[in-house]
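With chain S held as given, fit chain P onto it using these hints.
Each chain is listed here by its residues.
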Amino acid sequence: MQTNKTINETIKIFHGPQHPGITGNMSVELDLAGETIQRAKTHVGYLHRGFEKLVERRTVIQAFTIVCRICVPEPDINEQNFAAAVEDLAGIEISERAAAIRTMVLEMARIGALMLWMGGQASSVGLDIVPQWCIADRDLILDLFEELTGGRVYHMYIFPGGVRRELPEGFLEKLSNLCDHLEKRMERYDKIFFENATFQKRAIGVGIVDKNEVIPNGYSGQVLRGCGFKHDVRKDTPYLLYDRLDFEIPVRNEGDVYARALVRREEIRQSIGLLRQLVLIIPDTTGEIMQKIPKHRKFKLPKKETWVKLESGRGEMGYYMAGDGSEKIRRMQVRGPSLIHAYALLERLLVGSELADVAMIMNSLGICPPEIER
Amino acid sequence: MNILASLQPQLCDKFETQAFDLKRDDLAQVIVEKKIWRAVMDYLKEEAGFVTLLTITCTDWIEEERFELNYIFAHETKRCDLMLSFSIARDGESVQTLTDRWPQAEVMERDLHEMFGIVFEGHPNLASFALENWHHTPPLRREFDTLAFVNEHFEFRKGREENVDVKAEAKRLRALKKAKAQAEAEAKKEKGADDADE
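Heads up: the protein sequence lines correspond to chains S and P, in order. Going by my numbering, the first residue of the first sequence is number 40, and it counts up by one from there. Going by my numbering, the first residue of the second sequence is number 8, and it counts up by one from there.
Check before you lean on any hint, since a few could be wrong.
[Unchecked claim] No farther apart than 30 Å at their CA atoms in a straight line, the calculated lysine-lysine pairs in the BS3-like style are these:
hint	chain 1	residue 1	chain 2	residue 2
1	P	Lys52	S	Lys367
2	S	Lys269	P	Lys52
3	S	Lys334	P	Lys174
4	P	Lys30	S	Lys92
5	S	Lys337	P	Lys184
6	P	Lys184	S	Lys367
7	P	Lys41	P	Lys30
8	P	Lys198	P	Lys184
9	P	Lys52	S	Lys343
10	S	Lys250	P	Lys52
11	P	Lys30	S	Lys269
12	S	Lys343	P	Lys21
13	S	Lys240	S	Lys250
14	S	Lys343	P	Lys42
15	P	Lys196	P	Lys184
16	S	Lys343	P	Lys178
17	S	Lys342	P	Lys52
18	S	Lys367	S	Lys331
19	P	Lys30	S	Lys274
20	S	Lys343	P	Lys41
21	P	Lys178	P	Lys165
22	S	Lys342	P	Lys41
23	S	Lys342	P	Lys184
24	P	Lys42	S	Lys342
25	S	Lys240	S	Lys51
26	P	Lys30	S	Lys334
27	S	Lys343	S	Lys92
Hints in this document: simulated from the structure, not taken from any laboratory.
Bound-form chain P, shown alone:
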């Protein structure tokens, strides 16, 4: 029997899950409340065989004022994956770290801390990951506007002095072409009239 289909009744009996969404044969999503996520995760790891932490993702639902955290686990047989999801407030809510269970969580949590500003309690070192000396809004939050940031911090290059305005130049060329065509048409017309006179 499918691992995920058989897991569903066990997990839903044992814990108060908000939803168990069987997305495909090899993927399911479990949505829980934040207070029980550690217990569910322990159960998944110790008893259900989801021993590998593949990644941690975060989605910013700014209109609902929440972050959704997704912990994606792989089964020991590698035949299916499970997403464990729960929501936290966008500001001021911290999450317990997973570095005590999986060493790879260290870098994933650093990444999320830098990109979303989520604090992971008990993390050994939430130092910067890919950005350097970043004091602005964490960049993957929805309120961070890339274009506004660029306009504020950088200047657009003016380009060479002999550069022409592309739009104006195209307009001028079109007008020139039109005038030329018109002149040609008129010349032809006149010529035609002359031929007829002769």
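Excised from the complex, chain S in its bound form:
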């Protein structure tokens, strides 16, 4: 009888990879005692496409077409990181106008990604109307992307040397109208989601991150800002046009799921504000949108290494790149925030929490598996 008892003390279940409450294709192996999690272990490998190896066999311009696929909700951060690394190695300086347009694209992508997050977070607590609204509002951003770049999801617009096309006629006006629309919608989202009693009851006090771990372990994005640390790559080491723009870093002290949600809500507002400033700045910017770059086969990177990073919608995203004097990239490594959040952080946070909260906690960390297994 004693043996039976020990066997039945914990039950092992797999949360994912096929599960509506998981962000992308990964799984968490859970040891449960009743409803409480005793041990959690992250597993990846369901989505390994070998980007880093594929890049090694291709020329710079061929590799460029691959990198945006690393993240579906927000592909432009990868294009910008790739372009910034190549420009740093090859010594290309982009014009003010190209930098301004890139900043605009990145902010549009950030709002799109945060809208998708809002949908995921709301459906993880059972508020099923919010994802439908979010997807509809995100589609308006995608419409603008389609007009600007020709693509809705993958844009391939931020190219080493600048951006690929000039803004279409009347684009900034449409962007300004979209900002008005989104600002109005945010008030409705406050009522239906952020101030919703269901969400508050579920999220407040759940998934609290230990503040002492945050800086040494390299947590970033909303996890960092939700714990009271006022850091954002856009402010700390400004890139593109961010040093000329006026925005605040939203901070909360609680460190729980709700704090991270409120930080994200404020970030959407800040991004709308940034877009409004850019609408005014862009017409006055000067310079060619695209610098002269070498022809495809003659685009060679010197034997140098570099590391670039930026603030994505989920946290700090960095690229390491090494050239070897040939037209191919010797090594490119992608370091997204998810690698650390899904292992070092998620495995700790889940211990002691309830099975029903797993999806909510995962969503609040913004984990994106394609970044983990590049």
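Using the frame of chain S, we list chain P on its own:
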């Protein structure tokens, strides 16, 4: 004063660095020999304020028979990053683990072990990361040829039986078009000649 610029003389006095490359205002690379990397890292963490381990990268310089390991650290103010680099032999040389200092090193070292075959001494569990039951050459080493591996292990699908060879079909269509144009031109010419006769 810039953190990295002021770090340079201190670090170069204290340790025998091979190079201190100030790449940008917010990025520098320190190249050291493998035997002192732990000491340099301790100094960076305890005294210079580089408290965050961002990532570990490895570059395969196969022609020089070495791997270059890059440990990228962020300063506590988040205003600059530092790359600490050293080389190891491509085969048979192991590196001490960093899991005792930073928990996130656990997954980064597992990744490098799987992709390059580097052994990290003292790592609690170098289990597979993204690949499953992989017994071939570690895939990110330069000698691993993806195309050869695919040709050896997988078959290309033949496609449907009624599929046509695209190249041959294009050639046939071009020939057809050419013949048609030629016939038309001849017909026109004849017609023209007839008109002239009339």
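Straight-line alpha-carbon gap Lys41/P to Lys30/P, limit 30 Å: Holds, at about 22 Å.
Please work out if Lys52/P and Lys367/S have their alpha carbons no farther apart than 30 Å. 35 Å, violated
Does Lys174/P lie within 30 Å of Lys334/S when you go C-alpha to C-alpha? 28 Å, holds
Given the hinted pair Lys30/P and Lys274/S, is their Cα-Cα distance within 30 Å? 20 Å, holds
Does Lys250/S lie within 30 Å of Lys240/S when you go C-alpha to C-alpha? Within the cut-off at roughly 22 Å; holds.
Pairwise hint evaluation, Lys178/P against Lys343/S, where the allowed Cα distance is 30 Å at most: 47 Å, violated
If you draw a straight line from the CA of Lys184/P to the CA of Lys367/S, is it 30 Å or shorter? 41 Å, violated
Does Lys165/P lie within 30 Å of Lys178/P when you go C-alpha to C-alpha? OK: Lys178/P and Lys165/P at ~21 Å, within 30 Å.
Within a Cα-Cα threshold of 30 Å, do Lys342/S and Lys41/P meet the stated pairing? Distance of about 21 Å is within 30 Å: holds.
Are the Cα atoms of Lys269/S and Lys52/P separated by 30 Å or less? 21 Å, holds
Going straight from one Cα to the other, do Lys343/S and Lys92/S come out at no more than 30 Å? 19 Å, holds
Hint consistency between Lys196/P and Lys184/P [alpha-carbon to alpha-carbon, up to 30 Å]: Roughly 18 Å separates the two Cα atoms, so the pair holds.
Consistency with the previously given hints fails for numbers 1, 5, 6, 16 and 23, ordered from lowest to highest.
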